[in-house]
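**Student:** For reference, the chains in residue letters:
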Amino acid sequence: MSTQDPEERTVRCLVAKVGLDGHDRGAHVIARAFRDAGFEVIYSGLHKSPDEIVQAAVQEDVDVLGISILSGAHNTLIPKIVDGLEQYDAFEDTLILLGGIIPEEDRDGLEEMGVGGIFGPGASMEEAIKFVRENAPER
Amino acid sequence: MSQAETAALIDDLLAGKHRALARVISKIENRAPGYRELVSELHEHTGGATVVGVTGSPGAGKSTLVDKMAETYRERGETVGVIAIDPSSPFSGGAVLGDRIRMASNVGDMDVFFRSMSARGTLGGLSTATTDAVKALDAFGKDRIIIETVGAGQNEVDIVGTADTVAVLVPPSSGDDVQMLKAGILEIADVFVVNKADLDGADRTVKELKEMVHMRDASPLAGTAGHHGADAGRDDDPTGGADDEDDGWTPPIVETVAKRGDGVEEFLGTLHDHREWLASSGELESRRRERYAEEIRRLLREEAADLVQTEIDTRGGLDAYVDAVVAKETDPYAVAEEVVAPIRNRIEEQQ
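Protein chains in written order, with the working numbering: chain P, 1 to 139; chain F, 140 to 490.
Here are some chain F residues the structure puts well away from chain P; computed CB gaps all over 10 Å:
| hint | residue |
| --- | --- |
| 1 | G173 |
| 2 | R343 |
| 3 | T389 |
| 4 | L438 |
| 5 | L439 |
| 6 | V465 |
Computed spacing ranges between beta-carbons, pair by pair:
| hint | chain 1 | residue 1 | chain 2 | residue 2 | range |
| --- | --- | --- | --- | --- | --- |
| 7 | P | H28 | F | Y431 | 40 to 50 Å |
| 8 | P | I101 | F | L338 | 38 to 48 Å |
| 9 | F | S141 | P | R133 | 26 to 36 Å |
Keep in mind that the hints were calculated from the coordinates and are not lab data. Backbone N, C-alpha and C fix where the C-beta goes; we use that ideal spot for every residue, glycine too.
Construct the entire structure; sequences and hints are all you get.
**Tutor:** This is how it looks when you write it as structure tokens:
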């Protein structure tokens, strides 16, 4: 039926902008690169609240939730998203990635909260795509 | 997936767990092992929802209208499921599914279950997946289900065929689009919506559509070109209502400005009228029967295709046959016969 290898499941990603920051060039670039890598990408649009992101991630049953934050509010927003996912039993099998401006000293804390990977400025597309392919949760 | 897992997933879905519903739809989309059992289990729980298909050219305002529809249904206390279908790249298989962005009125409301689906390059399979996903939403207990898809051709026609009522959106000043509509989309419309009715040219589009609907009814082919192919039951159908066409339903033309929510109530009223007509004319029953018949046919075709594919694989794939045909050693008909003959023989042996 499909031209794709049936063994290779289509990876679904939500690319999300959360909070007040209005810079989504990076999110757009990522969305395109993921699409070209053969992923299905849902883009959230700008200025979403953590609740909205959780709703979208749960309903769309995404494998990967990529969150872009350039406002510095990651330590406030990420826990809310993680809590929301847990509430819907969706935390365990969603790979959370974080992109944007994340200071070095915050990274360990975020990873402890459940962020699977952090991609800051200078990270390459290939790197991010490879990471997703290797770490997308088994279902 | 084991039987126990299937049962647990179905139980969770029926208990109203969003995660289970989302996962079931994923399994349907992926045609994951065990999805057939899942859908089989769902069937008996379906039938409670009304299903509306919304289609139209890109940029007609489908997503925005669907958002407002969902909002209005929610104000009435009804739960809503939306399946939005976007094309995928035939090259990478990837897709950017953008309809969700427009669902601004229903964010944070879990009782609007919005799901994006991509065509995944296999449109035939997509109508199966859509039908099955609608079943999942129906069994979950959604009151209203909306299927949203770009109206571009026969495949989309098949997809919206899953719906009881089909609304076709037409943007104003789209003379050429109206031309395009004639080529198939016209026949599937139960309701026309001229969206962005505040723009110049809306009146003209309404007029053009009216003419077209009128012409359709006047045509000797009227009633035979319907996608539901359910005309058999119409002979004994007492023609009610204002029009005296034997068809019994003339697609109304509704004007909306979805962005502002103008005309949405009227649009939903028209959908309701159509639904009432379906029920009272017996059309609902005959459409449902036709849909199930089509679903069975489609599944049988798919199963048969799989059988043949297995047979081809065991014979070393199609390429060798293609080589032989190119070299004029054999021809496509002979190849088809060679592949199918053993399957046919086995069937005949069992009879």
